[in-house]
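Enquirer: Build out the structure end to end from the sequences listed, making use of the hints.
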Amino acid sequence: MIIDAENLILGRMATYAAKRALQGENVDVVNCEKAIITGSEKKITEGYKKISELGGPFKGPFLSRLPDRFVRRVIRGMLPYSHGKGKDAFKRIMCYISVPMQFKDKRMEKIKEADISRIKSLKYTTVGEVCKSLRGR
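In terms of our numbering, the sequence shown is residues 1 to 137.
Derived from the structure by calculation, the hints contain no laboratory data. These numbers were taken from a predicted model, which means no experiment stands behind them. For every residue, glycine included, the Cβ atom is placed at its ideal position computed from N, Cα and C. Among the hints, erroneous ones may be present.
[As the list claims (entries may be wrong)] Pair by pair, the computed Cβ-Cβ distance ranges are:
(1) GLU41 <-> ASP88: 33 to 39 Å
(2) ARG65 <-> ARG107: 29 to 35 Å
(3) LYS120 <-> GLY60: 33 to 39 Å
(4) LYS42 <-> ASP105: 36 to 42 Å
(5) LYS112 <-> PRO57: 38 to 44 Å
(6) LYS106 <-> ARG76: 21 to 27 Å
(7) PRO57 <-> LYS106: 36 to 42 Å
(8) SER82 <-> GLU41: 28 to 34 Å
(9) SER117 <-> GLY84: 36 to 42 Å
(10) TYR81 <-> LEU54: 16 to 22 Å
[Stated by the list, open to error] Here are the computed lysine-lysine pairs in the DSS-like style, where the Cα-Cα straight-line distance is at most 27 Å:
(11) LYS34 <-> LYS49
(12) LYS120 <-> LYS34
(13) LYS49 <-> LYS123
(14) LYS19 <-> LYS120
(15) LYS59 <-> LYS91
(16) LYS110 <-> LYS91
(17) LYS120 <-> LYS110
Expert: In structure tokens, the structure reads:
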């Protein structure tokens with residue numbers, strides 16, 4: 001299964017991908033930098049900067065500054081990662097920036113429940129913008 005994350009809400013897309021991986025499917029998420037996080041852009045970026053500074057440079061949590069790894073970490077949060085089935089499911093999930101050549105001709109799924117057009121809030125930011133703000137700290 002290939003999920004196109006463009007204009008999809010990150011949390012809803014992550015739960016869908018996690019459920020599919022737990023069922024035994026291989027899940028590939030493309031266009032990770034275009035996934036959306038709802039809320040005020042200022043609050044979102046400040047929140048992630050605060051989290052990344054909690055433990056200092058040598059203690060966690062370590063937030064990735066690359067959009068594909070950022071999304072994969074969010075999906076990991078939806079899995080029972082400390083158990084065997086969660087680890088196996090996490091290995092079946094791969095995330096990519098833009099669309100790789102191997103997926104250009106294949107059919108990609110859009111999740112209707114996770115589309116931003118269903119939300120009335122106008123405040124949101126993309127994962128790519130959040131990762132750019134984390135790089136500048």
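Enquirer: State the violated hints by number, sorted upward, taking the hints as numbered earlier in the document.
Expert: No numbers; nothing is violated.
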